[in-house]
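Using the hints, position chain B against chain E.
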Amino acid sequence: MINFSNVTKIFKSDILTQNFTALNDVSFQVPAGSMVGFLGANGAGKTTSLKIIMDFIRPTGGRVEFSPEMGATKLEIRRNLGFLPERPYFYPNLTGLEFLYFMGTLSEISRSDIAREVAYWGPRFRVDHALGRELKTYSKGMLQRIGFLSTILHHPKLIILDEPLSGLDPIGRKELKDVIIEVHKQGKTVFFSSHIVPDVEEICDRVIFLKEGRLVYDGPVNSLLVSDQERDYVILVQGGKVLEDRAKSTVTLPDEVRRYVVPSSAKDQFLSAAVAAGGNVFSLELVKPSLEEIFYQTQGRK
Amino acid sequence: MMPSKIMTIAYYTFRELYKSKILLNVFFVGLGLVVVTFVATEFTYGVPERIALDFGLGMLSLSSLGISLFLGVNLLSKEMESRTVYMVIARPVPRYAFILGKLVGLLGIQALNVIVLSALTLASTAFLGGELSPILFWAIGFTLLESLLLLLCVVLISLLANTILSVIFSMVLLVLGHAVKETQGLSFVENHPALKALLDFYHFVLPAFHKLNLKDYVIYKKSLPLSYLLPNVAYGTIYSLGLLCLIVFLFQRKNLD
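Going down the list, the protein sequences come from chains E and B.
For the first sequence, our numbering puts the final residue at 1252, and the numbers step up evenly by one.
For the second sequence, our numbering puts the final residue at 1247, and the numbers step up evenly by one.
Hints are supplied without guarantee of correctness; some may be wrong.
[Stated by the list, open to error] Just a sample of chain E residues kept apart from chain B, beta carbon distances all over 10 Å, derived:
#	residue
1	Ser-963
2	Glu-1026
3	Ser-1100
4	Arg-1123
5	Val-1133
6	Pro-1148
7	Ile-1153
8	Asp-1168
9	Glu-1194
10	Thr-1200
11	Ser-1222
[As the list claims (entries may be wrong)] Distance condition first, Cα-Cα at most 16 Å in a straight line; then the derived EDC-like pairs of lysine to aspartate or glutamate:
#	chain 1	residue 1	chain 2	residue 2
12	E	Lys-962	B	Asp-1206
13	B	Lys-1244	E	Asp-1005
14	E	Lys-1124	E	Asp-1149
15	B	Lys-1009	E	Glu-1048
If you're looking for bench data, these hints aren't it; they were derived computationally from the structure.
All of these numbers come straight from a predicted model, not from anything done at the bench.
In this text, a Cβ means the ideal position worked out from N, Cα and C, and glycines have one as well.
Pulled out of the complex, with its shape left as it was, chain E reads as follows (with noise of 0.2 Å):
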């Protein structure tokens, strides 16, 4: 759906500071259909690449291209395209039905479709109630909801959020992601940027990892995981000789048992150990990091 093709964006400063290289040589695909997950740090260009994919700024090199499903003219493109900023503040005096009615008849939607989609979404993101109200009424929870209401009024194929989950609550969030899979479930391809990486594992099937302006990973959320290298299993034994020497680290529990972590290099070796000492091996379990420990790894922050 879309092709971030080999992009690079470096912001000119003055000439008493140095230009800044917010992304360099970036390449990513989003695939139809897919729950696409972007990850980053603050300041890893993930903003920066929305911006760009969205024809907000002009990249210094690459290019973005759109499938031609999505239309051949800008125009088309954004007629098939729903898109949330971060933190967005809205017009303080409308009510949240005129900005509904703004967007949707910018989205070239009837006032009659308009009408539809607002009293099925409204109670579903629970704005049903305010609609009536000034935007500037509206807490910031109230203010993402409405704003991912405006943004799937058109039916868009593809829809492009920048931290749509950034200041709710955990029941906003947890609706929120609701319905992100329900429209994603519609067939629509959902692209977002996020710091939260259990919501990105949750709910996405791709993630893609910028760090400083590069790629780091661009895959499946499964592939991630099971790709590294570090991973250990834990082996529960009891009774038997014990194999201290054997394991990275041993914990003796309750009625003889012990809890053995084992690099997976030497799990094969470490059974046969186990049971030739005597032991009953009665439990093994992979030890799955989860997406925030690599994320935080490969941040080089643990």
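Quick look at chain B alone, frame taken from chain E:
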């Protein structure tokens, strides 16, 4: 399709501004105008209607230019600051339609301001026995044209500089645009060819706001021929169209970061 999008943006821009406190300012300026006119006429012998006109046109001009300056400078910068511009141009809306819609919406507020204050000025003048000559209506039209020209200057500068600098530069342009003609006539300038050439160049290139100021003619009941009025209308209109093209050209290419 695009004119309807321009009008949609203009409509909601107008609504947004209409519901803000800006019209409250117009109300207080109008109220102040009536009070000041009444008080001033008490101290005047013989020409109370001239005082009403002087205050009325002065307030109208100040209020219109103030709206152009302070709303114009935020017209785009606020949109970018609050990221609302992204919400609009992420939809099938060309950038030129966005900027034209914003300008038309703001001009709607400007027109409302001119209508309210002009009506009060005309009513006060008529009430005090003054004559509503055609030049008075020309002066009101010229004030609207002057505020349009200033609005476009502010928006153009705000695309290139920050908010404070944009206001300062625009005010300097306004003051110089009014003063340049008088300055050109000074004997000091006449005796310094380089300075005269500089002022001539300024007068030729930068907006000559004095061409759109008819207040003195109105107050002293001077009539003006169409051969004077129409070229000045053409000047204001063509200059404004030129600025509009430049604004659209720059906004089309601007990085919205």
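Worksheet item: If you draw a straight line from the CA of Lys-962/E to the CA of Asp-1206/B, is it 16 Å or shorter?
Response: The given pair, whose Cα atoms are some 50 Å apart, is violated under the 16 Å limit.
| field | Pro-1148/E and chain B, when compared Cβ to Cβ, separated by more than 10 Å | value | The claim stands: Pro-1148/E keeps its Cβ more than 10 Å from every Cβ of chain B (closest is about 26 Å).
- Query: Is it true that the CA of Lys-1124/E sits at most 16 Å from the CA of Asp-1149/E?
  - Reply: holds, 9 Å
Hey, does Glu-1194/E actually stay past 10 Å from chain B on C-beta? Per Cβ check, Glu-1194/E is outside 10 Å of chain B; nearest 58 Å; holds.
Is it correct that the beta-carbon of Thr-1200/E has no partner in chain B closer than or equal to 10 Å?
-> Answer for Thr-1200/E: holds, closest chain B Cβ roughly 55 Å.
Verdict on Asp-1168/E as a residue remote from chain B, using beta-carbon distances over 10 Å: Asp-1168/E clear of chain B: closest Cβ-Cβ about 24 Å, beyond 10 Å.
Review point. Are all beta-carbon distances from Ser-1100/E to chain B longer than 10 Å?
Key: violated, 7 Å
message: Tell me if the straight-line CA distance from Lys-1244/B to Asp-1005/E falls inside 16 Å.
response: Judged against 16 Å, a Cα distance of about 10 Å means the pair holds.
- Task: With a cut-off of 16 Å on the C-alpha distance, tell me whether Lys-1009/B and Glu-1048/E pass.
- Result: holds, 12 Å
Original post:
Beyond 10 Å from chain B, beta-carbon-wise, is Ser-963/E?
Top reply: The assertion about Ser-963/E holds, with a minimum of 13 Å to chain B.
Minimum Cβ-Cβ distance from Ile-1153/E to chain B exceeds 10 Å:
With a cut-off of 10 Å, Ile-1153/E remains clear of chain B, as the shortest Cβ separation is near 22 Å.
Please check whether the beta-carbon of Glu-1026/E is more than 10 Å away from every beta-carbon in chain B.
Violated, since 8 Å does not exceed 10 Å.
In terms of the numbered hints stated before, the structure departs from hints 2, 3, 12, listed from lowest to highest.
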